[in-house]
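*Asks:* Chain order of the listed sequences is A and B. Mind the numbering: the first sequence is residues 17 to 276 in my numbering, read in order. Mind the numbering: the second sequence is residues 17 to 276 in my numbering, read in order.
Be a bit skeptical, because a hint or two may be false.
Okay, the calculated beta carbon distance ranges per label pair [to be verified]:
| no. | chain 1 | residue 1 | chain 2 | residue 2 | range |
| --- | --- | --- | --- | --- | --- |
| 1 | A | D108 | B | I69 | 27 to 37 Å |
| 2 | B | A190 | A | V275 | 18 to 28 Å |
| 3 | B | E65 | A | D207 | 26 to 36 Å |
| 4 | A | V275 | B | K58 | 23 to 33 Å |
| 5 | A | S212 | B | H125 | 44 to 54 Å |
| 6 | A | M73 | B | S267 | 31 to 41 Å |
| 7 | B | L237 | A | N129 | 48 to 58 Å |
The hints are simulated quantities; they were obtained by calculation from the structure and are not laboratory data. We put the CB at the ideal spot given by N, CA and C, even for glycine.
Number of protein chains: 2
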Amino acid sequence: MEQLQVIKIGGNIIDDEQALAGFVNIFANVTGKKILVHGGGKLATRLAEQAGIPQQMVDGRRITDAETLKIVTMVYAGYINKTIVAALQAKDCNALGLSGADGNIISAHKRINAAHDYGFVGDIDAVNTKSLHQLLAHFDTLVIAPITHDGKGQLLNTNADTIAQELAQALSTAFNVQLIYCFEKAGVLRDVADDSSCINSITPAEFQQLKADNIISAGMLPKLHNAFEALNKGISAVTIGNAMKLDQLISRQSGTTIVL
Amino acid sequence: MEQLQVIKIGGNIIDDEQALAGFVNIFANVTGKKILVHGGGKLATRLAEQAGIPQQMVDGRRITDAETLKIVTMVYAGYINKTIVAALQAKDCNALGLSGADGNIISAHKRINAAHDYGFVGDIDAVNTKSLHQLLAHFDTLVIAPITHDGKGQLLNTNADTIAQELAQALSTAFNVQLIYCFEKAGVLRDVADDSSCINSITPAEFQQLKADNIISAGMLPKLHNAFEALNKGISAVTIGNAMKLDQLISRQSGTTIVL
Chain A
17 MEQLQVIKIG
27 GNIIDDEQAL
37 AGFVNIFANV
47 TGKKILVHGG
57 GKLATRLAEQ
67 AGIPQQMVDG
77 RRITDAETLK
87 IVTMVYAGYI
97 NKTIVAALQA
107 KDCNALGLSG
117 ADGNIISAHK
127 RINAAHDYGF
137 VGDIDAVNTK
147 SLHQLLAHFD
157 TLVIAPITHD
167 GKGQLLNTNA
177 DTIAQELAQA
187 LSTAFNVQLI
197 YCFEKAGVLR
207 DVADDSSCIN
217 SITPAEFQQL
227 KADNIISAGM
237 LPKLHNAFEA
247 LNKGISAVTI
257 GNAMKLDQLI
267 SRQSGTTIVL
Chain B
17 MEQLQVIKIG
27 GNIIDDEQAL
37 AGFVNIFANV
47 TGKKILVHGG
57 GKLATRLAEQ
67 AGIPQQMVDG
77 RRITDAETLK
87 IVTMVYAGYI
97 NKTIVAALQA
107 KDCNALGLSG
117 ADGNIISAHK
127 RINAAHDYGF
137 VGDIDAVNTK
147 SLHQLLAHFD
157 TLVIAPITHD
167 GKGQLLNTNA
177 DTIAQELAQA
187 LSTAFNVQLI
197 YCFEKAGVLR
207 DVADDSSCIN
217 SITPAEFQQL
227 KADNIISAGM
237 LPKLHNAFEA
247 LNKGISAVTI
257 GNAMKLDQLI
267 SRQSGTTIVL
């Protein structure tokens with residue numbers, strides 16, 4: 017099967033113009049088919065503040081009210097997505113930037129939660145592999161913003177880590193998919209302040225032990241849960257590591273590789 | 017040759033949520049291949065004001081400084097484009113929303129003008145028919161935001177009327193293209209205040225006469241110049257008229273049709 021890299025780039029890289037430019041240069045040169053899923057960064061929060069929209073948080077999650085949804089749609093699917101696509105075009109990488117509504121590639125429903133209303137947050141229902149295969153047949157590079165839709169005209173704010181995982185899973189029937197979570201750290205660290213403490217590989221048993229020993233940080237846990245779920249659903253490898261070492265993450269010479 | 021409708025929808029319809037919803041319902045049902053090019057509307061200006069970005073105008077044209085470019089990219093390629101795409105998906109119209117940077121479909125250069133610096137405004141260099149043919153082979157409906165790029169990583173604000181004209185021209189070698197400019201008026205009017213004064217068809221000779229008699233409003237002149245240029249470059253028909261009568265514009269039973 018043909019190789020496909022599904023790469024998620026985190027918010028801290030996106031907020032740093034120079035880091036983003038460096039990452040884009042590396043990503044542009046990755047050979048073969050690749051999908052970049054980008055997060056949001058802090059621009060949306062800053063714009064919401066400027067516009068006087070109060071940002072409500074529940075359990076560390078932002079509530080996406082109608083005005084906030086408008087802003088995240090503008091920032092994620094507009095500014096960030098098109099800035100990355102234009103930068104890739106400058107490197108002769110003919111990328112296509114999309115939201116989940118485009119080609120109906122990712123449909124979702126508004127999150128149902130009895131305790132809290134998270135607003136216009138979407139949980140994914142389906143990835144449209146037919147549309148994605150058609151696009152990937154002609155375009156080696158897709159850049160996907162974390163905005164989905166419910167099929168009834170409603171756009172929804174959706175977690176970029178989850179989008180990367182769901183895309184990787186859905187496409188693993190036709191491609192040999194490697195899922196890579198890129199951020200500003202070296203990988204999963206034993207000591208969060210020390211990049212040299214990166215754990216090279218984690219099996220399910222080791223994951224249980226690391227959790228029991230309280231070594232894995234709260235922010236890393238959902239990524240690792242996603243990673244094991246993805247592996248269980250047919251993805252060949254999941255790697256977590258430094259965006260500036262993307263080449264070495266792909267060749268598994270850097271970062272943390274999650275294995276079954 | 018296969019029929020292709022290239023339809024430009026103006027800013028006043030986009031600003032009116034109900035009018036836009038009505039238009040989207042009609043557009044979704046247009047059979048065959050179709051490209052919708054949308055303008056910007058007033059949201060970008062409102063956001064720029066909120067953010068305290070002074071809007072400079074020269075000869076009635078907005079100067080697109082770096083901050084304004086950021087905002088128009090967010091609003092046009094993000095909010096408006098994805099809102100229209102999601103609304104089309106709700107009508108089972110599997111649309112793909114794009115900027116000129118996506119798939120490198122429209123490349124441009126920053127406008128060079130000795131008298132004024134218009135900022136990040138793009139004049140079109142090329143339409144990438146290869147990318148567009150590939151996309152149209154699988155997706156009947158493309159929705160295009162008036163943002164282009166210069167191939168060096170710079171996004172550019174570009175006139176939507178001109179984008180529609182250039183797309184129509186470039187695609188006329190492979191499709192039988194009908195170019196339709198939709199707005200809130202019935203067409204080209206003898207009396208701008210009276211929709212019943214719509215001129216059904218205009219030939220080049222009639223256009224000269226209407227100009228000499230001062231019957232054509234200043235805002236309509238560039239549209240008509242675009243229309244005749246497009247006809248001279250291979251487009252089968254150009255029609256100008258009311259967005260809510262799109263079906264009748266397509267069948268040329270309403271609006272003003274420009275003929276050679």
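*Asks:* None of the hints should be skipped; say for each whether it holds.
*Replies:* Going through the hints against the structure:
{"no.": "1", "hint": "D108/A <-> I69/B: 27 to 37 Å", "in the structure": "33 Å, holds"}
{"no.": "2", "hint": "A190/B <-> V275/A: 18 to 28 Å", "in the structure": "49 Å, violated"}
{"no.": "3", "hint": "E65/B <-> D207/A: 26 to 36 Å", "in the structure": "48 Å, violated"}
{"no.": "4", "hint": "V275/A <-> K58/B: 23 to 33 Å", "in the structure": "54 Å, violated"}
{"no.": "5", "hint": "S212/A <-> H125/B: 44 to 54 Å", "in the structure": "48 Å, holds"}
{"no.": "6", "hint": "M73/A <-> S267/B: 31 to 41 Å", "in the structure": "53 Å, violated"}
{"no.": "7", "hint": "L237/B <-> N129/A: 48 to 58 Å", "in the structure": "56 Å, holds"}
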